[in-house]
Amino acid sequence: MAWERTRTLRASQRLSPSTPTVEEVSAGGIVIDPDSPDLRVAIIARYNRAGRLEWCLPKGHPEGQETHEQAAVREIAEETGIQGQILVPLGSIDYWFMVPQYRVHKTVHHFLLIATGGELTIENDPDHEAVDVDWVPLVELPRRLTFLNERRIAEMAREVIETHEL
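Here this note's numbering = 1-based position in the sequence shown + 573.
Rather than coming from a laboratory, the hints here were simulated on the basis of the structure.
Computed from a prediction, not measured in an experiment: that's the story for all the values here.
Ideal placement from N, C-alpha and C gives every residue a C-beta, glycine not left out.
Do not take every clue at face value.
Beta-carbon label-pair distances, calculated as ranges [unchecked claim]:
hint	residue 1	residue 2	range
1	732	637	25 to 35 Å
2	672	704	16 to 26 Å
3	673	737	43 to 53 Å
4	710	677	24 to 34 Å
5	710	658	17 to 27 Å
All chains should be modelled from the sequences, with the hints used to inform the complete structure.
Next up, the structure:
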């Protein structure tokens, strides 16, 4: 499937070559409710480091020996309350950001899942990062997501669903 690459390191964040870089990997994706006529998708809201509310796709770091697929299923369940089964990979995005003392290069692997159970809640999020969760119709998803790279993943999901008549 598609490979999406986005770089967002600002000129003011470019440090010397000796600035340490940390590689991070996350997995998550788009979980659709197959029983809704408008194919709703579960998304979460969280506050960023500057205190602004951001609507985004659920995702998180693999634990132990988890595969990207296993991490995506677990993270989506933890952050949204919805269990799901992976249908297809949607692609990966990568971006850069700064934290004190180092820069982070993060790669996020996204999957398209179909909901198999559960109820929408943020109560099971062990990190308490999610402050809200919502079902959003697939056609509205790109407008609700804060980040351009996640909007592109949403468009890929819509294309896959339409092409395969899911």
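Results of checking the hints against the structure:
Separated by about 34 Å at the C-beta atoms, residue 732 and residue 637 satisfy the suggested range of 25 to 35 Å. A hinted range of 16 to 26 Å for the beta carbons of residue 672 and residue 704 is consistent with their spacing of about 21 Å. A hinted range of 43 to 53 Å for the beta carbons of residue 673 and residue 737 is consistent with their spacing of about 45 Å. Evaluation of the 24 to 34 Å hint for residue 710 and residue 677 yields a pass: the beta carbon distance comes to about 33 Å.
Against the hinted window of 17 to 27 Å, the Cβ-Cβ separation of residue 710 and residue 658 comes to about 21 Å, which satisfies the hint.
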